[in-house]
Structure formats: structure tokens, C-alpha cells
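Participant: Model the full assembly from the supplied sequences, consistent with the hints where possible.
Protein chains: 2
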Amino acid sequence: MSSPTISTSSYYSTSVASTSSMASHPSSATSAYSTSATRSPSSYKPVLSKSSINPHVINVEYAVRGEISNKANNYAKLLSEGKKESAGIKFDSVVTANIGNPQQQPYLAQKPLTFWRQVAALTELPYLMEHESTRAVFPEDTIQRAKALLADVGSVGAYSHSKGSALVRKHVAEFIQERDGYPVDPELIYLTTGASGGVQLLMQVMVAGPDSGVMIPIPQYPLYSAALSLYNAQPVEYQLNPFDDWSLDVQAMSKSIDEARGKGVDVRACVVINPGNPTGQCLSEDNIKDLIRMAHEKRVVLLADEVYQANIFQPETRPFHSFRKVLKDFSKSQNAEEASMADEVELISFHSISKGVSGECGRRGGYFELCNISPEVEAEIYKLASISLCPSLQGQIGVDMLVKPPKKGEPSYPLYKAETEAIHKTLLQRSEKMAERLDKLKGVSVDPAQGALYLFPRLELGSKAVAEAEKRGKKVDNFYCLEMLDATGICVVPGSGFGKMPDEETGECWFRTTILAKETDEFIERYGKFHDEFMKMYGGDL
Amino acid sequence: MSSPTISTSSYYSTSVASTSSMASHPSSATSAYSTSATRSPSSYKPVLSKSSINPHVINVEYAVRGEISNKANNYAKLLSEGKKESAGIKFDSVVTANIGNPQQQPYLAQKPLTFWRQVAALTELPYLMEHESTRAVFPEDTIQRAKALLADVGSVGAYSHSKGSALVRKHVAEFIQERDGYPVDPELIYLTTGASGGVQLLMQVMVAGPDSGVMIPIPQYPLYSAALSLYNAQPVEYQLNPFDDWSLDVQAMSKSIDEARGKGVDVRACVVINPGNPTGQCLSEDNIKDLIRMAHEKRVVLLADEVYQANIFQPETRPFHSFRKVLKDFSKSQNAEEASMADEVELISFHSISKGVSGECGRRGGYFELCNISPEVEAEIYKLASISLCPSLQGQIGVDMLVKPPKKGEPSYPLYKAETEAIHKTLLQRSEKMAERLDKLKGVSVDPAQGALYLFPRLELGSKAVAEAEKRGKKVDNFYCLEMLDATGICVVPGSGFGKMPDEETGECWFRTTILAKETDEFIERYGKFHDEFMKMYGGDL
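For the record, the sequence lines run as chains A and B. Take the first sequence: its letters are residues 1 to 542, numbered as in this note's numbering. Take the second sequence: its letters are residues 1 to 542, numbered as in this note's numbering.
No lab work stands behind these hints: they were computed from the structure. One or more hints might be untrue.
[As the list claims (entries may be wrong)] Facing chain B, from chain A, some residues (calculated, C-beta under 7 Å): (1) 49; (2) 53; (3) 54; (4) 120; (5) 133; (6) 134; (7) 156; (8) 159; (9) 360; (10) 361; (11) 376.
[To be verified] List time: in silico SDA-like cross-link candidates among lysine to any residue, alpha-carbon distance up to 20 Å: (12) 383/A <-> 59/B; (13) 475/A <-> 458/A; (14) 71/A <-> 384/B; (15) 298/B <-> 44/A; (16) 404/A <-> 320/A.
All C-beta atoms, glycine included, are put in the ideal place defined by N, C-alpha and C.
Facilitator: So this is what it looks like as C-alpha cells:
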């Protein structure tokens, strides 16, 4: 009720009693802190420089938004400012085929799913549900869904639980159970800021210093290598086979774990991207089984990046198998050792609203599910998640839409069905057409994608291109992709950005393009013309 | 166009040619990877355990969502399941006064600003703009704003630039310029996932190993200490004076930098929270000037957490001064050394949509602005930001609402003005009433807040309470707050959660409560009754 009287000390006093909390605030209006520096103004050296900041940040590489993407952004800016002529730009629009961002305008422009957006709008402005003139716009099931979500989260302007809304997590658990046939504990589901947010969080938990290693596929989505650089741990690479549907060789992976451990790398986890990114393959059930056996034998945690699980192009021959289902199926094994794996192999699976047919990247929603992770570690994961408070509420609501779409008989179902089928169909057509047409170009080989949103063509550019790239101080795939951008405005990512290095003798290399461009024919023509000219100029030795 | 023929090797083969990418995918339908393990199932030791994961994660403490908060969540769950009687719960509702979450239902329930939500709903479902029946609901300026935002971002379902929407960043720059009177480069503004996302990102960039130090106030918002634990750097504490409006003593801070450097700690930056959290003080312009002089002399980067800049309760006597304005004002100094500081002192300022009068925590929006940060470091910050792709689009749109509210003459202005004034008034009234009433309780002293959304009462609990807490293995403030929760359902954060430790002899300690409870009188009564009973039980020696 009363403050103790304390002795005050002035800023001018050189004998401040202590660095204690008791020193008084100056009531004088003039400045009291005199600068004793004698250097001239120009000699000031900033505290933060490339040599003083976190070296692990410097080491990070992230090509999906690297040099080529920055250059593309700059082209787009110049074009929007009407500077095409003055800047000598050879095209009218930039095509951002470097990133799976389906709703990007104007060149991709996939339409959002109506059901998703109706529910989102109602949660933003709940009085639309009450307002007679607007209520007619919203089918009854969107209103019911919005009400249920708001009853759980209160408001989309409120922080939720750090794991995310309890209702949405319950729906995720139901979705996984329906997909896989095994029960799921909603408490082990964490909603995240896209899948990326979850991957970064878990990498940070799992690695414990520079000797920790995590296996990553080559080629890989560069988030994984970037996170490993950032958290100062070792990537332990395993190769996907470009000549056999980018399959993985479990025996070889097992061997590389032994080799890495022999060198003192504490290999703790293995990232698997299925369907693959950038490669688009769908792993066979046997391949996954073998991976699980290996994870058990070698004691590594499996990180299953399954964000493209709804982008499947050959469902009959190459369906999606979730790691969780294949793992839990081991419980039915007659072999006790194998059966025990179902409850022993540590598995973390990721999913996202950014891909699939929703393509709602901008909401930043996703989830991960912990399987066989010890409660003490789960507590640490929760603590770390809580520092970021919670994922965005519209991201969480997006997850609800993803895992609990309209069902047959509900008012929104017919439109939802028509919209999603159309997107699936379009993506399949584009993917097939692009693969077929690109594969016909001289020096380009590409298989149709089994899944995901990309093609990953292999190029044979020849030694002349390599020599020219070298002259410009570039890897040959970088050189090719930069030339493509300059000539066409098409922005793609070189294979080396995914760790798939070019052969610097023959010029064999790769690039990733999305299959999202709206005007597929125009895209193919624009690219094909560039490629032919490039090969005329540099492919002379082929 | 054709794949080279390769030799295949079976999984059974022990002499795999290499760990190369050429090994074939098995076409056999049976499993090929044999487990050689001989251990019994029960002997499996999980890879991830408290002793194997990142020790820096283990070290993190985050009390805002710690033990007490978890217990409160559990109470809320039991109450919602109708288990009040069976669980022996003594109250009917949990009051989450532990976190500034104004829109949380049902106990806080601050209403969202209509303008914000109208624009958000239109960006979610743009056809509402075209639809005649709904258009009437939306004032013309909300439609114009939504159109302008959509023209820039394309869709709220698309990734934006990793720095955030160019249009929103332009508006942020205009807001800062209008506030401070100095031009701002939109390219140096990064939109973030709340302010927390920006703080975590920049901490990660700035610290470079265990000898790096960052000054943090005591008491402090625990995000800062948590981030320093996580990135394995040293907190260098400076004390705020509880008996002089939580002022900071620049001379003492300067001395502690010297002391820390003397011990080998590379002190690089200094966090200042203004208005203070948990303490609510607004720094005087002179205090800020001195801090800037000190930052220049001692070469430390200033991190100005200004997320409560719009929550000011004594605008005449304790206005908000932005660090950026005070820094840039030095350019007018006659003293060349002082004038040079305006372009030399490295300053990063944070703002958020979660506080103020919007309280839109769940959208996860905020920004930081880089001032005098070298371009080479800025490039690294950009690279790191790009790994997370972009902040949520509705968070970005929230920032647009924050920095560019309706102006006089625009259709939404009257309602916006009425809503924001009412919220300001309510917060002021609650804050004053709570401070006045709590201060009258025996053993409680609390000053009215100058800013932010909290009170930080000082308690004198006495030695008997300390002894009882010790018996239970708790700090005395933790004991008090847990007892409060058990008795009343009110969830607050003990001072030690902010680094303000209790005096374990006299029982002097602190707690933070938000001022957000809707039923202020009821809150005060509930709390007061508990406190009196606590003091009757444990305050016997006072």
C-alpha cells in the first residue's frame, strides 16, 4: 500500500550505489547521459554485420525464394510500373512456376473452394448469419459449421490453445482415423502455421548440436536442409533414383546411417516426402514398410511430409499410403518383433492446407501428428509451441475444412464436389500435357508426375553450356534457369536448389516447375521456344 | 528423352554396388528389408527423450502458458464437461487473466471492430461485393479497401511476398511517417506473425553462440528470455524500479554492459518494452534519449517492443514516444556526434495487431521496421523470413486496418470512432478501478497503469506464506497464484514468470493480471475475497 522511501542517485553521480533496481528515474528535463565517445561520426561500425551475426543463418540456402525468384519479383515490379520498354524486358508477364501457390494472380489463379470461403467469411463477420439479406447467400451447413467453430474458439480474433482449437484437432483425429482405420488422440495433434511451421519447430526440438544428423532425400524440398543449417545439425543425404520413379533404396539408406554414425554423426531422424517434392513419386507400400523396419532397427525417428497426399495422379497404380497406416498395420503381424514396431517407431506426420485442391497457402494452416513420441518430449514440444502462442485462426479453420469437407446430402456437397473434381481434373490434364510435350523437346526427359504439383525434368545441356555457365560463375542449371527467366519471364527452380547437383561435365541437370500455369499451352510454347534457342546456342556438341 | 540402362541390385544382395542413386526399386511385392534385431520388443528405447533432444529447448521457460495456465485449461475443460461437483471445483468459470487476449469468450469478450471484420469478410468471399443483397451490408469504403488489398495480394489464399504485401508495407511506412515525421522505406518493413514471430526471427539472426548477450528488462515479457534460452545466448538483465514507475536507469544499464563484457559476454542488443509489459510504464522522452546515447556509445542494437503504443492511459503526462522518432530527432542536434546517431544507432521496432483496441490476436499479424541495419544483414533477414514463406494473409490485412483506419468523412468513420473510443474508455475505467480497489487490500500495492493491458501488483505476503510455499516446493508467488486459481478460477502469472523474483524472506512478490475481465466488479470481489482469506491464513506475522 505504501512504497518504502529509498535513497536516490543522480545520473551524474559516478558512484551509483549498485546496478540495483533502486536507482531513481531522473525528473530533470535535460539529458543526463553524456556520451564519452571521441571517435568521428563516420567511424561508427554497425553492431550487426555478416561477420557478427549468427553464422548458421548465413549458411542457410533457400532456393525456392532465392536469386532467380528475387529477379522475377523485380521483373514483375518493373512490368507493373509500365517499364517493359525502358528496362528492355522481353515478355509481358512473369510466371511464378517456382512455388506451389495455386491461387496466385494472375497467371495461376486457381479459384478457392466456395465452402471454405463461405465458412471463413461467416467466422469473420458472424452477423452475416443473422442478417436476413445475407443469410440467403450462405447454405445452412456453412452456417452450422461457422457456429460450431465459433463456439469452440470464441472469435477468430482470439488466441486459441497453443496446440490449436480442440474442435479442429478432434476433426483431424477423425479424419486420420477414417483414412487409416486406427484411432488417434487429438491431444497429439498440433495445428501449425502451414507444414513449414511444424517442421521448423520439430527440427529445433530434435537436433542437439552439430553432431546431430537427419537424413534428407536428394532431391529434397529445401526447407529441410535450411532448417538443419539453421539449427546447426548435419544433413545425411540419401539419393532418390531418377531412373526408377525416384524410388528410395532402403538398403543403401541403412548403409549410409552406419557410415554417418561411423564418422560420429548421431543420426536421429529421417525425412521422407511422399508424394515427393520436387520429384512427384508416390512410395509403394513395401517401400514404406521397409523404411519403417529400418527406422526401428537403426533407431531413427520418421518425419513423413505428406502435404501432397491429395494430389495423386495415378490412384490405381500409385496410390497414396500414409506412413501412419503402414506403421499401425504392423500391429497385425504374426511376428512379435514386427508387431511391436507399431507402438515403437517414432513417427511424425505433416499435412497442410496449402496444397491438395484447396491451395490455401496464404492462410498458413497445417498440422502434425505425433505417434509413439514419449510424453516427456511431447511436453517440450508443447512448451515450444506455446512461445508462438497459436497458429492463425483462419489457418486453423482451413484445417477444419480440409479434414471435414461437406458430405453427401449436405447442402454444400454438390458444389464442393463439382469444384474439387474440376481442380483434380485440371491438375491431371496439365501435368500430363506438360510432361508429354516437354519430354519431346531435344535434351529434355520427364516422366508424368505420380503426385504433388510439380514436374522435375532432366536436361542434357552438353559441355558447351557448362563452359558458358562456368564463364559466368554459375552452376549450369542456374545459368539455364536464369536464361529462361530473362527470355520468357518463367521462373522455375534449378535442381541444385533441391540438392540435385548438375553433372558439370555432361551438363546433365534438373529443374522444378509447378504444373499450375493456367494457360498450359502458352506456357509450354513459351518455354519450348526458349529451350530450342538455348540448345541452338549452347547445345552444339550434342 | 531416354533413360540410360543401369544394373539393378536386389535388397537381398549384401554387396550393394554403392549407396548411389542407381540402385533399383524393388518390384517384388514382399518385404525385402530383414530386421536383424534380436532384442525383445519391450527393450526398445525411444530415440527422442528429455536427455537426447535439444538441451536449449529443455532450458526454455514460458510462464504465460506454464503450469498455472495448464491447470486453468484443465479446470475449464472439466467445467465444460459438467464436472464441477465431481471434481470439487469451487467456481463456475475460469478467468484467463494470464494473457492479453481481449476477444476471448466468454469472460473477456471484447467486440471486434466492425470495419476490420467487414474488410476481412470481403477479402474471404469477394463475391459479397458484387451480390446485391449483401452489398448493402458493407459500406463503400470497406469495399474499396478490400478491392485494393485483393488487387495487391491476388487472393487471401495465395502466398504473398515473404516480407508481406507491398501495399500493406507501403501503408505501414505512411503510418510511421505520419506518427514520427520522418520518411520510411517500405522495403525495410517486414510483416510478421504477430510481434512474436518477428522477435524470434531477429533474435535468431542477432545472436551468434553462447557468448552473445542481449539485455532484457526485469521484469520482462518472457518471450525474450525464452528466445535467448532457445538460441543459446545470454540474457543480461537490467532492473526496472518498482518504486519509481518502473523506470530504467541508463547509467546502471551502461555499467552492466561493461560488467558483462568484462566477463566475456558479447552484449549486442538491448530489448526495451515501451509501454512496459508486465509493468505498464511509458518511458519519458529523456529516458529514451539517454538509452539511444548509451546504445551508440556501447554499440548495442535497440529492440523496441512497442506493441502497446495505442494503449495509453495518461496521454497528457505519460504519452507514448516512439524510439524511431526520438532517434531521428537527433538529426536536428547541433552536436555533430549526436546528429550522427540518427543514422547510426541500429534500431528494430515491433508492432502488433494483437493489442491496441483491435485485440486481433488470433489473426497473428504484426510488423517490424529496420532502421540503420546494414543491407548485408537485411539480406540475411529476408532469407530467413522466406523459409517460412509469408505471414498469414488475414494477419497482413489486419496490419493494413491497424495502420490505415477509416478517416473522417469516410462512411465507416463514425462507427469506427464510436467503437474505438468506447474500448479505450472501458480499458481506462477497468484499469483505474482495478488499481484503486486492489491497492486498498491489505498487503497489496499497485499503481494505475500508464499503458498496456496489465496491472502488476506488489504483494507483501509475509514469512508464514513463504514457509508454507517452501513446504510445497513452490516459489511464494507461484504458491499464491495457484491458490488463487484453485479458489477463484482466476488465472494470473506470478512475477517470477517475468523474472521478477520474490523475496523469499519477507514474501514480497508480484503477479500480473490483465485488465480485460468484462465484469470488473465481480473480478475484484472474487479476487479480494481470496486474498483476504489467504492473508488470514498465511499473513499472521504481518
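Participant: Run every hint past the structure and note whether it holds.
Facilitator: Taking the hints in turn, this is what the structure says about them:
For residue 49/A, the interface hint holds, the least distance from its beta-carbon to any beta-carbon of chain B being 6 Å, beneath 7 Å. With 7 Å as the threshold, the beta carbon of residue 53/A comes within range of chain B, its nearest partner Cβ sitting at about 5 Å, so the hint holds. Taking 7 Å as the C-beta contact cut-off toward chain B, the hint placing residue 54/A at the interface holds, the least distance being around 5 Å. With a least beta-carbon distance of about 4 Å to chain B, the hint placing residue 120/A at the interface is held under the 7 Å criterion.
Checking residue 133/A against chain B by beta carbon gives a least distance of about 4 Å; that is within 7 Å, so the hint holds. With a cut of 7 Å, the hint placing residue 134/A at the interface with chain B holds, because the nearest CB-to-CB distance is about 5 Å. About 5 Å separates the beta-carbon of residue 156/A from the nearest beta-carbon of chain B, less than 7 Å, and the hint is met. With a least beta-carbon distance of about 4 Å to chain B, the hint placing residue 159/A at the interface is held under the 7 Å criterion.
Satisfaction of the interface hint for residue 360/A is found here, the shortest Cβ-Cβ separation to chain B being roughly 4 Å, below the 7 Å cut-off. With a least beta-carbon distance of about 4 Å to chain B, the hint placing residue 361/A at the interface is held under the 7 Å criterion. With 7 Å as the threshold, the beta carbon of residue 376/A comes within range of chain B, its nearest partner Cβ sitting at about 5 Å, so the hint holds. Under the criterion of a C-alpha separation no larger than 20 Å, the hint pairing residue 383/A with residue 59/B is consistent with the structure, at around 11 Å.
Between the alpha carbons of residue 475/A and residue 458/A the distance comes to roughly 15 Å, so the proposed pair stays at or under 20 Å and holds. The suggested pairing of residue 71/A with residue 384/B holds, with an alpha-carbon distance near 18 Å, which does not exceed 20 Å. At roughly 11 Å between alpha-carbon atoms, residue 298/B and residue 44/A fall within 20 Å of each other, so this suggested pair holds. For the given pair, residue 404/A sits about 19 Å from residue 320/A by alpha-carbon distance, which is consistent with the 20 Å threshold.
In this structure, none of the earlier numbered hints is contradicted; all agree with it.
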